[in-house]
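J.: Below, each chain spelled out in residue letters.
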Amino acid sequence: MSARKTDDTSGAQRPNQRPELAALDDETIAGALTRMHLIRKFEEAAEASYMRGLIHGTMHLSIGQEASAVGATLPLEAHDYILSTHRGHGHCIARGAEPKLMFAEFFGKETGYCKGRGGSMHIADVEGGNLGANGIVGGGLPIAVGVGMSIKAQKNGRVCMVFFGDGASNEGAFHEALNMASIWKLPVVFVCENNKYGMSMDISRAMAVANVADRAAAYAMPGHSVDGNDLAGVAAVAREAVARARSGEGPSLIECKTYRWRGHSKSDRNLYRSKEEIEEWRLQDPIRRLEDELKAHDRFDAPSLMKLEEDAQREIDTAVEFARTCPDPDPKDLTRDVYAI
Amino acid sequence: MSARKTDDTSGAQRPNQRPELAALDDETIAGALTRMHLIRKFEEAAEASYMRGLIHGTMHLSIGQEASAVGATLPLEAHDYILSTHRGHGHCIARGAEPKLMFAEFFGKETGYCKGRGGSMHIADVEGGNLGANGIVGGGLPIAVGVGMSIKAQKNGRVCMVFFGDGASNEGAFHEALNMASIWKLPVVFVCENNKYGMSMDISRAMAVANVADRAAAYAMPGHSVDGNDLAGVAAVAREAVARARSGEGPSLIECKTYRWRGHSKSDRNLYRSKEEIEEWRLQDPIRRLEDELKAHDRFDAPSLMKLEEDAQREIDTAVEFARTCPDPDPKDLTRDVYAI
Amino acid sequence: MPSETLEATGDVRELSYAEAVREALGQAMEADERVFLFGEDVGVYGGAFGVSGDLVHRFGKERVIDTPISELGIAGAAVGAAITGMRPVLEIQFSDFVTLAMEQLVNQAAKIRFMFGGKASVPMVVRLPGGSGTGAAAQHSQSLEAWFAHVPGLKVLQPSTPHDAKGMLLAAIDDPNPVLIFEHKLLYKTKGHVPAEAYRVPIGQAAIRREGRDITIVGSSIMARKAEAAAERLAGDGISAEVIDLRSIRPIDFTTIAESVRKTHRLLVVYEGVKTMGIGAEISAMIAESEVFDFLDAPIIRLGGADSPIPYNPVLEKAAVPQEDDIVTAAANLVRRGEA
Amino acid sequence: MPSETLEATGDVRELSYAEAVREALGQAMEADERVFLFGEDVGVYGGAFGVSGDLVHRFGKERVIDTPISELGIAGAAVGAAITGMRPVLEIQFSDFVTLAMEQLVNQAAKIRFMFGGKASVPMVVRLPGGSGTGAAAQHSQSLEAWFAHVPGLKVLQPSTPHDAKGMLLAAIDDPNPVLIFEHKLLYKTKGHVPAEAYRVPIGQAAIRREGRDITIVGSSIMARKAEAAAERLAGDGISAEVIDLRSIRPIDFTTIAESVRKTHRLLVVYEGVKTMGIGAEISAMIAESEVFDFLDAPIIRLGGADSPIPYNPVLEKAAVPQEDDIVTAAANLVRRGEA
Ligand SMILES: Cc1ncc(C[n+]2csc(CCOP(=O)(O)OP(=O)(O)O)c2C)c(N)n1
Ligand SMILES: Cc1ncc(C[n+]2csc(CCOP(=O)(O)OP(=O)(O)O)c2C)c(N)n1
Ligand SMILES: [Mg+2]
Ligand SMILES: [Mg+2]
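Residue numbers (this note's numbering), protein chains in the order written: chain A, 11 to 351; chain B, 11 to 351; chain C, 26 to 365; chain D, 26 to 365.
None of these hints come from the bench; they were simulated from the model.
This structure is a prediction, so every number in the text was calculated from the model and none was measured.
Even for Gly, the Cβ is constructed at its ideal location relative to N, Cα and C.
Just so you know, not all the hints are guaranteed correct.
Stated by the list, open to error - Residues from chain D shown here face chain C by an in silico Cβ test under 7 Å; the list is partial:
no., residue
1, Met-127
2, Glu-128
3, Ala-174
To be verified - Here are the simulated BS3-like cross-link-like pairs (lysine-lysine), alpha carbons at most 30 Å apart as the crow flies:
no., chain 1, residue 1, chain 2, residue 2
4, B, Lys-206, B, Lys-276
5, D, Lys-86, B, Lys-285
6, A, Lys-276, A, Lys-206
7, C, Lys-86, B, Lys-165
8, B, Lys-276, D, Lys-86
9, B, Lys-195, B, Lys-162
10, B, Lys-110, C, Lys-144
Start from the sequences, fold in the hints, and give me the full structure.
T.: Below is the structure:
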């Protein structure tokens with residue numbers, strides 16, 4: 011989905027709809043929905059693969075958070091950059107990664123994005139503008155500052171969007187990065203996916219302010235807190251922040267309030283939250299919410315929505331099959347990629 | 011100076027004076043002035059010793075910042091803690107350290123506070139509640155959190171006051187420490203001595219907000235910005251913050267706006283600031299300002315003020331003489347203090 | 026596990042390594058109210074590796090404290106608590122994250138006592154789960170203990186058995202200095218005999234896990250266990266290997282190693298950290314510069330981690346650190362070389 | 026300084042080490058607009074040790090960038106700039122402060138290429154003034170280079186002469202990998218011959234500073250200079266010492282050292298970092314496990330920093346690191362021991 015399309019109408023042709031939704035044309039919406047489905051199906055297949063013993067390490071699933079990944083990246087252009095997190099499958103797919111190469115990575119295959127060296131927590135596609143997931147909470151934040159410095163030095167008009175969690179916003183790296191981006195007016199958009207927990211730590215125990223976005227004040231940068239399960243709402247806020255970044259006005263902090271349906275990782279026994287809470291948030295399913303709204307406005311009918319979902323499922327099924335049959339790396343190549351020559 | 015004395019009048023007997031000054035009785039004022047003189051004279055003697063080759067390393071002088079060190083610590087009680095910085099001579103003296111043992115340390119002598127192992131940047135007096143200067147910018151901030159945890163666990167009613175500079179407030183340590191102190195409502199008072207520069211970096215280049223105190227909002231803690239060259243003003247704000255900490259309501263952030271007259275350290279050629287700026291700030295001399303105000307209100311006459319200054323000078327002169335004649339450590343004791351047994 | 030049964034007294038049970046650590050924590054907290062536990066998800070979650078388990082329910086949230094994700098801050102908090110009368114035990118969730126806390130551990134914890142002329146002490150313990158083998162890739166699998174062995178003022182331990190995990194942790198909590206304990210993640214589920222009482226395993230003493238004549242194999246952490254298994258196989262080939270479990274890497278028990286090498290004339294050192302500048306380098310160098318040098322009949326061989334980050338793919342991951350087979354082969358080669 | 030005059034071509038001047046570094050920076054920035062310099066007070070202040078000097082006036086504030094005091098952040102910024110086409114050169118004001126930046130250097134810079142399957146590179150340079158001797162005490166005097174020599178993915182240099190300071194920095198800026206350069210503060214004012222053109226000193230090659238027959242002395246950074254001076258004195262006592270300046274500690278030039286030891290049969294390694302787990306441990310271990318072992322006539326002796334933080338008092342401070350006298354004594358003892 012290109013960002014230009016999303017701005018074509020300003021909702022003029024869709025007067026009954028709230029402006030955030032009206033701003034997105036049908037093609038854009040279809041593309042966004044497809045990506046949300048791909049993310050959801052990717053995660054489900056990842057989980058199933060884990061159960062079937064196809065996966066060696068751990069993984070962090072973002073089911074329930076699809077609107078934030080897809081909405082935030084919607085205004086990005088092809089040459090823009092993202093930096094992602096340990097819970098990064100969604101950001102990858104949102105940025106246009108190929109699920110089959112992601113699965114290949116996930117299965118540790120030589121054909122994977124990182125030739126099986128990185129795995130779930132390190133999927134990257136530098137050529138494609140995805141500068142990598144990160145196993146270190148908050149690890150991408152200072153890197154984003156440097157990317158912003160590059161963009162500024164190279165005057166190439168790009169934008170860098172960096173994702174991180176609510177938990178990450180208590181790392182010193184958060185503070186240093188937002189401060190530097192702000193003083194140098196770097197073209198960086200900081201997107202906090204506040205899913206209420208840093209592993210088992212409820213955000214209300216981990217910080218004294220109500221919103222991560224409140225912290226933007228410490229850097230004199232705009233802070234937006236948005237319903238992270240509302241694709242159109244996230245996209246609207248992101249569009250503003252990306253435009254601001256691109257025009258040289260500096261960084262913004264966006265907080266998407268959302269929720270992860272699954273445990274933090276496979277070792278999580280959900281001792282720190284209630285079934286009721288999880289159930290409540292499942293009712294806020296970002297995909298169903300968007301579909302329902304589109305149907306209510308007669309923009310898409312049920313069969314065409316169903317088709318988007320089925321197509322996504324098929325792509326994921328094919329991707330898993332592709333990945334399973336790919337070759338493992340050769341141990342003799344162990345040190346091949348340590349140094350560039 | 012005990013804190014109890016400072017609260018005896020609430021200024022009732024000194025109606026013409028602003029409340030911050032009125033709140034301080036004569037004994038308190040005399041004690042505070044003495045300490046400010048001691049700091050000033052200590053720093054001048056330190057500088058002179060450096061010129062005479064008595065000192066081996068570098069040093070960071072706090073001339074011009076005396077009101078912040080003395081004012082902030084004025085409400086502390088004997089058993090309270092402080093943590094200081096690389097520019098820490100003033101905090102030490104304010105907390106009641108003996109100049110002769112400080113000079114002994116400064117000259118690297120076995121009789122110094124740290125037996126000559128620490129030097130200017132590490133003067134500590136753990137028994138006396140001074141948990142140490144710190145060579146690492148922001149290094150004391152996370153330590154203060156742990157001291158706060160101790161106080162809370164031991165329910166001993168103490169308070170920990172930690173000093174740091176404007177430059178330090180851009181370290182990740184600042185963010186992590188203020189956040190933790192806030193969520194746990196620890197009895198910590200964060201005192202930022204904003205002297206406009208972190209070495210050569212003007213605060214307006216180093217951060218985008220106007221005041222360090224503005225950052226308190228990110229931790230839902232009170233933030234006070236105060237004229238750091240006004241002893242009475244600093245003391246008033248500190249009194250409030252210390253009381254808040256002691257009563258279990260949690261930490262505060264105080265910003266004392268002040269200025270260092272000397273260069274950052276001995277290698278500083280003052281290329282980053284103008285003579286005019288330095289001159290302007292010299293007119294804001296915290297000692298003379300206080301003296302003038304006291305004289306204007308007829309609380310002290312010129313001769314008694316002069317005597318305080320002369321006594322301080324004498325104490326410093328004696329201290330230097332004492333320190334010069336003390337023995338160097340014995341190299342065979344090099345590893346003696348590495349491990350506790 | 027001969028040394029365990031030897032050292033055990035009183036009521037001895039089979040516990041996992043993780044359970045042994047938890048038991049030590051519980052006993053220390055029961056015995057001394059200055060002791061408290063903190064770190065990310067050590068509370069109701071029970072710790073990322075289940076080590077703290079139910080401790081929060083036994084001791085309450087004031088003594089088993091979940092922290093924000095602020096590694097530098099929590100390390101500094103440990104320092105502050107330690108110098109003012111507490112006995113903090115900090116868990117760094119994965120040892121890789123200690124990269125964020127180096128300042129406080131190295132510049133503050135390790136140096137405060139010295140910088141203050143011996144007038145303060147910093148009795149804190151940091152537990153650091155480390156090592157590869159779980160498919161967690163390059164940023165969650167490192168073995169960084171060698172860095173800390175380079176820092177005067179710290180003590181650094183690598184217990185390899187449930188018995189030592191408990192006894193060394195209790196010794197560390199007693200110790201008036203900052204002690205770092207690297208726990209290999211793959212050891213958490215391994216079982217062994219653990220006495221019920223609160224015993225101490227002294228810091229700075231290696232353990233001879235198996236006596237032998239032909240070669241000394243020094244292993245640390247999980248490699249001590251692999252070395253034991255390898256020695257068993259070597260015995261089948263007629264090679265008598267003495268296996269030393271290093272246990273403490275700062276200080277290092279030079280005497281035990283030196284005596285063994287004096288007897289066997291050959292030394293193989295096995296460790297999981299990157300071979301270059303890993304702890305085996307120090308052991309080799311200590312022996313090579315001592316009088317024991319004259320007793321050596323063959324070069325001192327090190328088996329350490331490959332010169333690469335830890336890869337995700339499990340085949341590569343295994344290839345990146347010494348395996349039992351590698352130890353058997355290296356030991357056999359070394360013995361044969363000495364004989365040729 | 027024989028090797029310098031040997032390597033020099035064209036216009037050769039006397040420059041200080043600091044001037045040589047500055048010249049390299051200026052030439053790199055002139056030749057390649059991707060190169061930029063940043064760090065705390067590198068701009069109008071000219072750098073804490075005066076290294077950047079007037080560069081901000083020559084290249085402007087966009088390319089010589091003062092940063093806030095945020096070591097983790099600036100290290101990460103270097104990584105981000107490097108992976109997106111720039112060639113950042115970062116100054117960490119004192120190498121001690123790198124303790125705050127380990128995460129980005131070790132988990133990110135060193136591993137990104139590997140974790141991404143070779144699909145990215147991280148061409149960045151970090152300059153780290155280090156070492157003792159200035160009375161700056163324990164938190165401003167460390168020699169931490171050994172830590173980084175333990176990290177695959179990094180390159181680590183310790184030039185000891187103005188000539189190498191310039192040539193190795195230019196090579197580092199060309200290098201597509203993250204390169205850390207530890208500069209000893211006491212070397213900044215030392216002078217030496219420096220060619221005017223932009224030459225490179227290859228990374229990974231040690232330099233033989235003096236040829237000899239009786240003993241090989243390997244020194245790194247300032248200790249290479251002290252070893253040269255010691256060798257001169259030893260010559261007066263009839264001992265012919267070969268002096269090798271290590272220059273690069275990751276990778277280490279094993280071949281040059283091995284060849285020398287094969288000839289002299291004795292090895293003394295001198296470095297300022299704490300002896301235990303310092304770089305001398307690796308050199309000793311490399312030799313002890315190689316075929317060169319059989320050529321050794323005496324133990325491999327290491328002279329390194331004392332097992333203590335660096336003290337403030339100047340007498341203690343000197344006692345804490347190897348001095349010229351120590352080198353002379355150790356070398357003489359070693360040669361005599363071999364002969365006895
Ligand atoms: C520096 C660091 N500390 C701790 C961890 C372990 N860890 C991984 S994810 C996580 C929780 C992160 O919370 P948040 O930032 O809110 O992201 P979320 O998992 O909720 O998406 C923790 C503690 C880590 N990977 N890196
Ligand atoms: C972590 C760290 N970074 C850099 C330095 C070098 N340094 C010492 S003081 C200083 C400036 C500190 O500024 P500020 O916090 O405002 O305190 P001030 O010197 O103005 O009192 C710097 C950069 C240091 N000591 N520690
Ligand atoms: Mg979260
Ligand atoms: Mg300042």
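J.: Against which earlier hints does the structure fall short, listed by number upward?
T.: Violated: none.
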